[in-house]
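Novice: One-letter residues, chain by chain:
There are 2 protein chains.
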Amino acid sequence: MENFKLTILGCGSAKPTLKHFPSSQVLNVRDKLFMIDCGEGAQLQYCRNRLPFNRLNHIFISHLHGDHWFGLPGLISTFNLLGRTAELHVHSPHGLEQMMKPIMDYCNNDMTYQVYFHEFDTHESTMIFEDRTLTVTTIPLTHRLPTCGFLFKEKEGLRHIIREMIDFYHIPLAYINNIKAGADFVLPNGEVIANERLTTPPSPTHRYAYCSDTIYKPEIVELIRGVDLLYHEATYAADDEVKAQKHFHSTTLQAAQIAKDAQVKQLVIGHFSARYTDEDKLLNEAKSVFSNTLLADENCLFKA
Amino acid sequence: MENFKLTILGCGSAKPTLKHFPSSQVLNVRDKLFMIDCGEGAQLQYCRNRLPFNRLNHIFISHLHGDHWFGLPGLISTFNLLGRTAELHVHSPHGLEQMMKPIMDYCNNDMTYQVYFHEFDTHESTMIFEDRTLTVTTIPLTHRLPTCGFLFKEKEGLRHIIREMIDFYHIPLAYINNIKAGADFVLPNGEVIANERLTTPPSPTHRYAYCSDTIYKPEIVELIRGVDLLYHEATYAADDEVKAQKHFHSTTLQAAQIAKDAQVKQLVIGHFSARYTDEDKLLNEAKSVFSNTLLADENCLFKA
Numbered sequence: 001m002e003n004f005k006l007t008i009l010g011c012g013s014a015k016p017t018l019k020h021f022p023s024s025q026v027l028n029v030r031d032k033l034f035m036i037d038c039g040e041g042a043q044l045q046y047c048r049n050r051l052p053f054n055r056l057n058h059i060f061i062s063h064l065h066g067d068h069w070f071g072l073p074g075l076i077s078t079f080n081l082l083g084r085t086a087e088l089h090v091h092s093p094h095g096l097e098q099m100m101k102p103i104m105d106y107c108n109n110d111m112t113y114q115v116y117f118h119e120f121d122t123h124e125s126t127m128i129f130e131d132r133t134l135t136v137t138t139i140p141l142t143h144r145l146p147t148c149g150f151l152f153k154e155k156e157g158l159r160h161i162i163r164e165m166i167d168f169y170h171i172p173l174a175y176i177n178n179i180k181a182g183a184d185f186v187l188p189n190g191e192v193i194a195n196e197r198l199t200t201p202p203s204p205t206h207r208y209a210y211c212s213d214t215i216y217k218p219e220i221v222e223l224i225r226g227v228d229l230l231y232h233e234a235t236y237a238a239d240d241e242v243k244a245q246k247h248f249h250s251t252t253l254q255a256a257q258i259a260k261d262a263q264v265k266q267l268v269i270g271h272f273s274a275r276y277t278d279e280d281k282l283l284n285e286a287k288s289v290f291s292n293t294l295l296a297d298e299n300c301l302f303k304a
Numbered sequence: 001m002e003n004f005k006l007t008i009l010g011c012g013s014a015k016p017t018l019k020h021f022p023s024s025q026v027l028n029v030r031d032k033l034f035m036i037d038c039g040e041g042a043q044l045q046y047c048r049n050r051l052p053f054n055r056l057n058h059i060f061i062s063h064l065h066g067d068h069w070f071g072l073p074g075l076i077s078t079f080n081l082l083g084r085t086a087e088l089h090v091h092s093p094h095g096l097e098q099m100m101k102p103i104m105d106y107c108n109n110d111m112t113y114q115v116y117f118h119e120f121d122t123h124e125s126t127m128i129f130e131d132r133t134l135t136v137t138t139i140p141l142t143h144r145l146p147t148c149g150f151l152f153k154e155k156e157g158l159r160h161i162i163r164e165m166i167d168f169y170h171i172p173l174a175y176i177n178n179i180k181a182g183a184d185f186v187l188p189n190g191e192v193i194a195n196e197r198l199t200t201p202p203s204p205t206h207r208y209a210y211c212s213d214t215i216y217k218p219e220i221v222e223l224i225r226g227v228d229l230l231y232h233e234a235t236y237a238a239d240d241e242v243k244a245q246k247h248f249h250s251t252t253l254q255a256a257q258i259a260k261d262a263q264v265k266q267l268v269i270g271h272f273s274a275r276y277t278d279e280d281k282l283l284n285e286a287k288s289v290f291s292n293t294l295l296a297d298e299n300c301l302f303k304a
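Protein chains in written order, with our numbering: chain A, 1 to 304; chain B, 1 to 304.
It is worth saying that the hints were derived from the structure and are not from the lab.
One or more hints might be untrue.
What the hints assert, rightly or not - Quick partial rundown of chain B residues pointing at chain A, CB under 10 Å, derived from the structure:
1. 22
2. 44
3. 47
4. 48
5. 51
6. 54
7. 65
8. 73
9. 95
10. 99
What the hints assert, rightly or not - Once the Cα atoms are required to be at most 30 Å apart in a straight line, the calculated DSBU-like pairs of lysine-lysine come out as:
11. A:246 x A:260
12. A:15 x B:5
13. A:19 x A:287
14. B:19 x A:32
15. B:32 x A:19
These numbers come from a predicted model, not from an experiment.
Think of the CB as a built atom: it goes at the ideal place given N, C-alpha and C, for glycine as much as any other residue.
Put together the whole structure using the sequences plus the hints.
Specialist: Here is the structure:
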């Protein structure tokens with residue numbers, strides 16, 4: 001089973017280049033796929049990475065600049081052509097449903113499945129999604145439009161059975177799920193076998209934080225402290241800090257400073273401005289502050 | 001000067017493939033660029049072909065299936081990021097402006113230029129654009145939505161000056177434009193020099209017809225008779241005629257039959273269904289009816 005694998009579909013910024021697609025990525029959590037942002041061409045990139053469409057039920061849009069959602073009409077359309085029946089849920093700041101409405105209305109008679117829009121307030125951190133395996137919480141960012149990043153936090157799984165002990169005590173299959181969930185076992189003679197003798201602790205859980213687009217915002221540090229993987233925008237090189245500030249973006253050094261202050265395990269920088277041809281320079285700048293930094297690139301896989 | 005050169009940006013059909021982009025192409029008429037359809041990724045393909053953004057002022061959308069216009073929001077946005085000031089005109093069947101309106105409204109405060117939507121009726125052939133160099137006339141097609149193809153017809157240019165004769169008669173520069181336009185020249189002694197002695201006829205004019213998407217529709221033959229270049233959809237192979245009919249598309253043989261009946265000079269087939277991996281088979285089928293047939297492909301140039 002795949003878990004907490006991040007596939008970058010696009011890590012460019014708004015101006016199109018031949019090097020990068022606009023923002024989009026897919027996080028695999030125990031073989032469920034979650035799309036984060038959906039720039040133009042996301043469906044193409046999704047296919048290129050041979051990701052299965054039927055495992056994608058939730059899309060999280062950080063903000064409503066076109067380079068973060070203009071791939072959505074095409075993706076929704078393609079699902080329809082493929083005869084999808086499962087519901088699709090799109091989470092975003094306020095306004096997306098209204099922009100999508102006339103397109104959805106136009107297609108409505110032909111739709112084979114239902115799309116639900118869930119819009120969140122961007123001012124405070126809120127849990128916007130929860131299922132058995134994870135929660136998704138917003139990370140309020142500061143950009144030219146209302147914007148949030150997303151924290152994907154895996155829930156603790158079940159404990160692992162020690163096969164030999166189960167055999168030793170002849171524990172019937174029907175009890176296994178309870179034991180995985182932490183129950184002790186009572187032998188026919190009344191003796192209690194403590195769960196700790198029958199199981200080992202659950203696998204460690206993972207956390208992934210996506211922070212794009214944003215001005216340098218130290219307030220997010222507490223929300224993302226210690227995450228396994230942080231994707232933080234680094235639209236500008238260190239030299240261009242004034243431009244970054246003006247356009248509500250971050251520099252390489254600022255992204256790395258956030259990673260350092262939050263003591264994350266690994267940083268991936270992306271959302272590169274079209275002006276830079278030498279991205280190794282961007283990487284080296286970030287590494288000067290936070291050594292465990294990697295460059296995002298299309299079709300790259302990162303493990304949280 | 002480039003003239004009547006057609007660049008294919010995308011010639012796939014609605015289901016995304018890794019081989020083709022959805023429909024979009026650009027016709028160069030005397031260095032003015034006209035975009036025909038604007039599927040997702042059109043702006044990327046436009047850049048890849050190094051076409052200049054500042055020569056594109058008119059976009060013609062054949063119908064409102066997403067694979068023919070979902071690239072438009074991104075393109076309009078990019079023009080804005082680049083600080084465009086020239087008006088952009090988008091011609092389409094009814095309904096596009098309404099679908100684009102909330103997106104345009106959302107961006108409106110930031111727009112550096114004006115976008116005008118011009119919507120046409122798809123029931124009868126109408127001239128929807130005219131300037132000094134060409135006219136664009138709709139070609140009513142039959143598809144699942146109101147759809148038109150487009151006939152681009154170059155206007156006759158000016159006559160060509162015979163330099164030696166101008167020198168011989170010492171004709172002043174100020175008269176040249178009139179002579180190019182067909183005027184005779186009167187010598188100081190009253191002698192009239194007929195225009196035919198001073199000029200050669202204008203260059204031959206060109207015509208390009210775009211017909212996608214459509215069921216086999218012989219009624220269009222008269223509208224496109226003798227064009228230099230015809231792009232006709234051939235979504236399906238000959239074997240799949242029943243499917244073609246059902247989905248209001250054409251087969252290779254039907255596209256070629258239209259080309260043959262209309263006595264066009266050259267046929268380009270495109271809008272290939274994702275089901276065919278061997279497009280040479282499609283080409284050979286079409287060639288069996290109309291030999292001067294070519295396969296469309298991304299980033300290919302065709303000369304009308």
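Novice: Holds or violated: is there a CB of chain A closer than 10 Å to the CB of residue 54 of chain B?
Specialist: At 15 Å from the nearest chain A Cβ, residue 54 of chain B fails the 10 Å test, so the hint is violated.
Novice: Under 10 Å is the threshold here; is the Cβ of residue 73 of chain B close enough to any Cβ of chain A for the hint to stand?
Specialist: With a minimum Cβ separation of about 5 Å from chain A (threshold 10 Å), the hint on residue 73 of chain B holds.
Novice: Does the CB of residue 47 of chain B sit less than 10 Å away from some CB of chain A?
Specialist: holds, 6 Å
Novice: So, as I understand it, the hint says residue 51 of chain B touches chain A; can you test that by seeing if any CB pair is closer than 10 Å?
Specialist: violated, 13 Å
Novice: If you take the shortest Cβ to Cβ gap from residue 99 of chain B to chain A, is it below 10 Å?
Specialist: holds, 4 Å
Novice: Does the interface hint hold: is residue 44 of chain B within less than 10 Å of chain A, judged Cβ to Cβ?
Specialist: Constraint on residue 44 of chain B satisfied, holds at 6 Å.
Novice: Given residue 95 of chain B as an interface hint, is the shortest Cβ-Cβ distance to chain A below 10 Å?
Specialist: This interface hint holds because 7 Å falls under the 10 Å limit.
Novice: Does residue 22 of chain B pass the interface hint, meaning its C-beta sits closer than 10 Å to a C-beta of chain A?
Specialist: holds, 8 Å
Novice: So, as I understand it, the hint says residue 65 of chain B touches chain A; can you test that by seeing if any CB pair is closer than 10 Å?
Specialist: holds, 8 Å
Novice: Quick one, are residue 15 of chain A and residue 5 of chain B close enough, alpha carbons at most 30 Å?
Specialist: holds, 27 Å
Novice: Holds or violated: residue 48 of chain B as interface residue toward chain A, Cβ cutoff 10 Å?
Specialist: holds, 6 Å
Novice: Between residue 19 of chain B and residue 32 of chain A, does the CA-CA distance stay at or below 30 Å?
Specialist: holds, 27 Å
This entry does not satisfy hints 5 and 6, going by the numbered hints stated previously.
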